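Trainee: In case you want the letters, here they are:
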Amino acid sequence: MNLAVWVGGVAIAIQVGTSVLYPTLGEILGQRSGLVNLGIEGVMLMSAAVGYAVTAVTGNILLGVLAGVAAGAAFNLVFGVLVVTRRSNQLASGLSLYFLGAGLSALIGVSFIGQRIDGLRQLSFPGLSSLPSPWGRLFQQDILVWLVAPIAYLLWWVLSRTRWGLKLRATGEDRNSAYAAGVHPSRLQYQALGIAGALSGLGGVELALGYTKTWQEFMTSGRGFIAIVIVIFSLWHPLRAVGGALLFGAATALGLQLQAQGASISPYLLDMLPYLVTLTVVLIWGRPKAFTAPMGLREVFQGTAK
Amino acid sequence: MAGPRAHPGSFSGWPLPRAADAAARGALVVTAAFGAFALIMLLYERNPFGALAAMVSSTLGTSYGLSEVLVKMSPMLLTAVAVAVPARLGLVNVGGEGQMFIGGLCATWGALTFQGLPGWLLLPLMAILAFAGGGLWAGVTGWMRARGWLTEVFSTLLLNYIAILLVNFLVFGPWRDPGSGNYPQTRPIPDTAHLPLLGNTRVHAGIFVGLLAIVLFYPFLKKTRLGLQMRAAGGNPVAAAQTGIRVGRYIVIAMFVGGGLAGLAGMTQVAGIQFRLNPGLAAYVGYTGFLISWLAGHRPLAIVPMAFLLAVLAGGGDILQITQGVPYAVVNVLVALSLCLMLAVRARRVPS
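Quick mapping for you: the protein sequence lines, in order, are chains A and B.
Residues in the first sequence are numbered consecutively from -11, following the working numbering.
Residues in the second sequence are numbered consecutively from 8, following the working numbering.
Note that these hints are calculated values from the structure, not bench results.
Nothing here was measured: the structure is a model prediction, and the numbers come from that model.
A few chain A residues facing chain B, derived, Cβ under 10 Å: (1) 66; (2) 76; (3) 91.
Below, a sample of chain A positions facing chain B; criterion: calculated Cβ distance under 8 Å: (4) 69; (5) 83; (6) 94; (7) 98; (8) 263; (9) 270.
Here a beta-carbon is modelled for each residue, glycine too, at the ideal position from N, C-alpha and C.
The task is simple: from the sequences and hints, build the whole structure.
Mentor: Next up, the structure:
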């Protein structure tokens, strides 16, 4: 494989990594507030479908992105109603949110299958995109790719350096103590879920409008679930999540580039790479010595009989 | 003197008997679900009552429709019990889809490799292979959970995607039937590997396998030592561990049994319906089983009517698509929405 293939692979890794980093960041925020949301796969699908439909109908991509993000935030609040207000089982609620999102998105997107749109424009990084041939490709990405790293940094700053972030983390560690200390846990959890839904929505929108520029049923193919695994791997830290998402992107890109080079390996085996890599990595590095997860999550994973 | 009080967990908040409270919740879920269905139908400019009538008459109104419901229901029973058994230990098995594919894969391999065997030997062999395959596929996730490495929720989910890709790899690659044209599938399994049919319908013996799993589930939990220890480990893992129950071992066993049952569902689909392995084998029945088990509260006797209901909905969904031109996804929305509503009305209000 020559240099151009490798650089192209890195460019794909960055773009695929972006689509999984947004939901990872959203899930980190939610889990830090004490809620495990298995439904972000459904949220991503909803945002992808709504974003795609609005873009295709209006022809205005900005409107599409905004609609997709708003749909993600609103849809994620359904999870809030179930687990915060109604106190139902988080894992079951998350999965039913996924099924609901999968069904609704299929319904919304049914008339857009097979269509193609222009999608998000590639924005060049001033100066760097005019580098010699293969390297310039790295610095031509769409706006959502450019924004993801600053957003990750912003999320880290908000969580660890602001009063709101402190209250949120306190809620995630021990809801009752936070309540006793004058925090309003339910309100904070709803706020976290709204932002998490918008972030997951950005992931879905990037996938539909930036990466593939098409709509397909179940097009997220497990990225929402992979994001949750990356949360564990990154030990609930937004900046470590960047590395985890890039690793997933790299595994996907490796498979794609090998196929493009005509490697004599079945594409179905190559498509397994991202899942296998994610599983392996979380088994090797995701095993915390101590329980590093927010303490509130312990309840969710231990004692889910009902 | 305290007046009548609502029992803890009362949904209405009124001092109603538990049964009336449950009935009120059920009525609310059904009304809201039908309301959503009616809304979607109106968006598609269809008459909601007409659509419902078409769904019911085409599935329950004719003997052919009813037999097709049973055909759809039979793997659902197995994938639902595949969720209910691990749930007794507080385990969440979302991997029924993948376990079903692996079961179908193992059964097909057995049928094609031991073609010469008589049916009475070949069918049990296929069942054992499917159970072992699906069981191991899920058992690994139980083992990882027991070691404290990774929660089974995530590992079972990710293994679904890997299982589907594995089946695709085989049917597009080494196992592909050269005579099947462009359609990706294996060679057909021999006639001796077909499950017996009921009369001249498409209903196959797989439905009895599913019902047997339901019937055995209850005495297994209540009457056997293994069942008692499993219930103890699920109820209070810490206390169970202190009384010498090896909780980790039961986690692996429960996942193995669950995965094995889902694997059997794959085997019955191969030997009863498809007669070969292809990528359409599971067709989301694994996920449907998850919804059924949760809707039934993991109670074996509630699984049967719930599976019947979902099979009717699935059959009705096909009819909606064909006669009313409404996408099949309407049914998925309806089922997922019902589960959301069930969860919402079942949960208890806690102060603060």
